[in-house]
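Assemble the whole structure, with the sequences as input and the hints as a guide.
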Amino acid sequence: MTGDHRTLALVLFSAFIAVTLAITTWVSRRRHGSPEEFYAGGRLFSPMENGFAIAGDYMSAASFLGVSGLIALFGYDGLLYCVGFLVAWLVVLFLVAELVRNCGRFTLADVVAARMRERPVRIASGAASVTVSVLYLVAQMVGAGSLVALLLDGADARARTWTVIGVGALMVVYVAFGGMRATTWIQIVKAVLLLGGALTLTTLVVMRFHGDVNGLLNTAAARSGHGRAFLAPGLKYGADWTSRLDFISLGLALVLGTAGLPHILARFYTVPTARSARRSAVWSIGLIGAFYLMTVVLGLGAAAMLGSDAVRASNKSGNTAVPLLALNLGGGAGSTGGTVLFAVVAAVAFATILAVVAGITLASSASVAHDLYASLRRSRGTARDGQRSEVAVARFAAVGVGAVAIGLALVAQDLNVAFLVGLAFAVAASANLPVLLYALFWSRFTTRGAVWSVYGGLLPAITLVVLSPVVSGTPESLFPRADFALFPLENPGLVSIPLGFLMGWLGTVLSPEAADEARHAETEVRSLTGAGAA
Amino acid sequence: MDKHDGRAAGEPGDVRLDDPWYETPASGWDEWTDDTTGEPGPAAPAHQPAPVSQPRSASHDEVYLTVQRSAAFQEVRRRYRRFVVPATAAFLAWYLAYVIAATAAPGLMAHRVTGALNVAMLAGLGQFATTFLLTWAYARHARLYRDRAALDIRWETQELTGRTIR
Chain A
1 MTGDHRTLAL VLFSAFIAVT LAITTWVSRR RHGSPEEFYA GGRLFSPMEN
51 GFAIAGDYMS AASFLGVSGL IALFGYDGLL YCVGFLVAWL VVLFLVAELV
101 RNCGRFTLAD VVAARMRERP VRIASGAASV TVSVLYLVAQ MVGAGSLVAL
151 LLDGADARAR TWTVIGVGAL MVVYVAFGGM RATTWIQIVK AVLLLGGALT
201 LTTLVVMRFH GDVNGLLNTA AARSGHGRAF LAPGLKYGAD WTSRLDFISL
251 GLALVLGTAG LPHILARFYT VPTARSARRS AVWSIGLIGA FYLMTVVLGL
301 GAAAMLGSDA VRASNKSGNT AVPLLALNLG GGAGSTGGTV LFAVVAAVAF
351 ATILAVVAGI TLASSASVAH DLYASLRRSR GTARDGQRSE VAVARFAAVG
401 VGAVAIGLAL VAQDLNVAFL VGLAFAVAAS ANLPVLLYAL FWSRFTTRGA
451 VWSVYGGLLP AITLVVLSPV VSGTPESLFP RADFALFPLE NPGLVSIPLG
501 FLMGWLGTVL SPEAADEARH AETEVRSLTG AGAA
Chain B
1001 MDKHDGRAAG EPGDVRLDDP WYETPASGWD EWTDDTTGEP GPAAPAHQPA
1051 PVSQPRSASH DEVYLTVQRS AAFQEVRRRY RRFVVPATAA FLAWYLAYVI
1101 AATAAPGLMA HRVTGALNVA MLAGLGQFAT TFLLTWAYAR HARLYRDRAA
1151 LDIRWETQEL TGRTIR
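Chains as they are written, first to last, in this note's numbering: chain A, 1 to 534; chain B, 1001 to 1166.
No lab work stands behind these hints, which were simulated from the structure alone.
Each residue gets a CB set at the ideal place from its N, CA and C atoms; glycine is no exception.
Misleading hints may appear alongside valid ones.
Now the stretches of chain A that chain B is said to cover, found in silico as 3 or more residues with beta-carbon under 8 Å [claimed, not checked]:
| hint | segment |
| --- | --- |
| 1 | 87-97 |
| 2 | 216-223 |
| 3 | 233-240 |
| 4 | 283-293 |
| 5 | 513-525 |
See below:
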């Protein structure tokens, strides 16, 4: 990459940081330090604002660069990711968004603990949420490191390390000082930038092919080196039955995991009513759907205009397909248009990572302070004092979570980003979704069922990953020389998600106590009508 | 295009954008409003539900149990479930069928339909289309058949429990 790209990309990215820091300063000028403000941004965002913010939280650089790269290399098998990421939103819209907004205050554990013995359920659910968030966080920060290495400095290890530390430090500043209000505005700015960038490139691709979809598809298939097989499934996941089952496992995790992601659920608390929560989900489905359709066009465009071999030559996993496509669309290397487009794409990708990282950090600091700290501390002052100190703890927790994520991201620098994201989705679907659905819809669900359900999904998911080929047994593993890979699949979802549901059922059936009828009635009435909602 | 569907503005003939609670409901959900606000309902209720009027001193738990058993609440819950259960079953089955077909029957998926488009491409686009369609249908169903009734129950319940909206 030439110096021009680098300078312009750095200027654009600095501008984004300056704007977001200005937002943070402006927002924190008028803060009161109440939990409502810190965790939920005062609950006064409009559905459209929240819809953009949700889309901003959800569309990570892994999708923008990773998925379009997969499409450029493997054609149809990359498109399967887009479908899973989008269909998952129906689970959120139908079963979760409104009911969670009505029942909870700040976190997922609020909803579950409302009809159970609070302490054990809150601790279990809080621990699961923090685990999911940290996994997702590490994925994004590893992505930031690789992005810098790819786009700015080649494979300079020091640049990667400093990028990870810098991204981590910035997000702690956003979250600790700005809380949910600043985080939301950063998501909105980022969503607009990302959608704008994707739309520009998509329009250029479509114009290049004069709006001829058949032409685009045929050229992509011809230049991919795979011919017609490029447009059908099987290039990446069709080798043997293990890889096919692995894909089904991933598909299940993608579609069920979104509704268990703590930073997505937290977004529904930033609007005043369940109806606004529904309307924000509808907005975000529109935006996310449009984004993934554009991602497909960009991936096919990269295959058609650059050829899969050129994409693979630049980066083995295809992550640079979109930046290279931008360079080509702008007029090629050395041209002004190419330089500008390339720099814009790089800056948008940085902005994306920063914003997603801030959203997750906030959600996990809420879980630490509101669920774990509030349950574990012994002395309880007055309610007001408790709330004040809880927000202070949340600010410190943001610093702590940031530090842990920076440390882990530096260790895990060579792990595959898409794998880490898939893993976070699998853990969310195994540990968070079963307990949430049972608590909302099953009248006999008990405290023991809730605790078993969380741990019964969380522990198998983590254990199976440790025993999978990702950690040991193959040359690409984390520990290539050891071999304790007893579980053949890379994604644990196919086993751990049913286990989460099964353990919740088993714990309830084996419970010594019956479910509290009155508190179930309260949950049901509140979830469907909004009575007594915060 | 589809992203606008959740907003009241997307519906033809829907004038009041920011006042969702005053849309005309499709059903006669006035048994609650009659008691509380005296607002005239559009139609007489087909059935008389058990009144929720408990004495003010009724305990928190009793209020919620009574509301849960009331015909009005049962109707809201029935309407929610009657849409959500079949719709969820349908889209999950359709998605799983798609994923399994993509992994287990690549030959079928590679079958050419028209031009460069094959079954796999059409199925993928179909997933996008059904997602948008179901989103629109759910938002419409909730707005027309649930929102008004649910809000009425909400005010009534909050009055009984003596809590106010924060």
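Are there hints from earlier that the structure breaks, and if so, what are their numbers? none
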